[in-house]
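Model the full assembly from the supplied sequences, consistent with the hints where possible.
Those letters in the sequence shown? Residues 1 to 265, by my numbering.
Please keep in mind that the hints were generated in silico from the structure rather than gathered at the bench.
Treat the hints with caution; some may be incorrect.
[Stated by the list, open to error] Using 25 Å as the maximum straight-line C-alpha spacing, the simulated DSS-like pairs for lysine-lysine come out as follows:
no.	residue 1	residue 2
1	K134	K259
2	K216	K180
3	K53	K115
4	K216	K189
5	K203	K189
6	K115	K57
7	K69	K115
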Amino acid sequence: MSHRRRLFRNALILCSAAVLSACASGPSGNISLIPAETAAQSGKSGAFTQPLKWDHKKPGCTGDCPEIKVDSLIFPGRQKLTELVDYALATMTGVSSNQPPPYSTLAGFEAYFWKTAAPRDSVSFTARVRYSNKNLTVIELGSWQYYTGAAHGISATQFLNWDNASAKVLGLDNILLPGKHDAYVAALKQAHTQWLASNPDAKHDPATYNRLWPFKPSDNFGFTDHGLIVKYNSYEIAPYSSGQPELLIPYGALHGILKPEYLPA
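In structure tokens form, the structure reads like this:
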């Protein structure tokens with residue numbers, strides 16, 4: 001994991017603690033938060049959303065101008081979640097690899113960007129509900145940044161797993177049984193092995209591919225009906241041409257690793 005990404009994760013944890021009054025430890029009892037139905041059924045419920053879209057160019061600029069695009073969400077009645085999404089997107093910009101950014105909202109980033117951006121700099125932010133049921137709302141956050149003169153833009157992604165009842169963000173430590181982090185990493189590594197088996201570049205020269213792009217653990221997970229999806233940014237486990245790889249750990253491989261309430265009933 002890059003230093004910049006560690007900074008973002010640490011900042012997000014701090015924000016979650018401040019805005020959400022600490023992460024949830026997960027519900028008690030034997031009631032599953034993951035339904036046995038397919039996504040077509042369970043995806044029908046979850047936190048209510050409204051779109052938030054805008055496209056701004058630097059005020060007073062003509063010709064080639066810096067630009068910011070936002071395609072995000074607000075959550076009526078869930079102000080804490082709306083604020084967390086706004087904060088998380090803003091801090092995904094990563095203007096410095098050595099310290100947190102000098103802003104904590106998209107509005108703050110916009111003001112900073114107009115002061116510092118080159119003529120063709122462009123930044124896009126996205127937030128979408130990747131999965132939902134009556135208990136959980138999984139939000140996938142994305143940022144894309146292009147800086148003048150660069151060969152290409154750089155994208156980043158982050159999942160937020162929101163417990164609808166407790167109004168808390170669930171981190172990896174909240175959903176794993178005690179002492180099972182290594183078992184989670186082993187299950188993720190197995191999913192990575194299966195992903196490599198379907199990757200043409202890896203199949204062509206496995207030794208070279210594994211040397212250049214070795215497996216790395218990640219806690220960037222999101223719930224689905226079928227298991228935990230773990231998503232990587234460009235260059236983390238694959239070249240830029242591979243985009244943002246996703247690994248699926250089926251629930252069947254997570255028995256004895258996830259707390260029972262996070263397994264299908």
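Results for each hint:
no.: 1; hint: K134 to K259; verdict: 18 Å, holds
no.: 2; hint: K216 to K180; verdict: 17 Å, holds
no.: 3; hint: K53 to K115; verdict: 22 Å, holds
no.: 4; hint: K216 to K189; verdict: 8 Å, holds
no.: 5; hint: K203 to K189; verdict: 17 Å, holds
no.: 6; hint: K115 to K57; verdict: 12 Å, holds
no.: 7; hint: K69 to K115; verdict: 17 Å, holds
In this structure, every one of the numbered hints holds.
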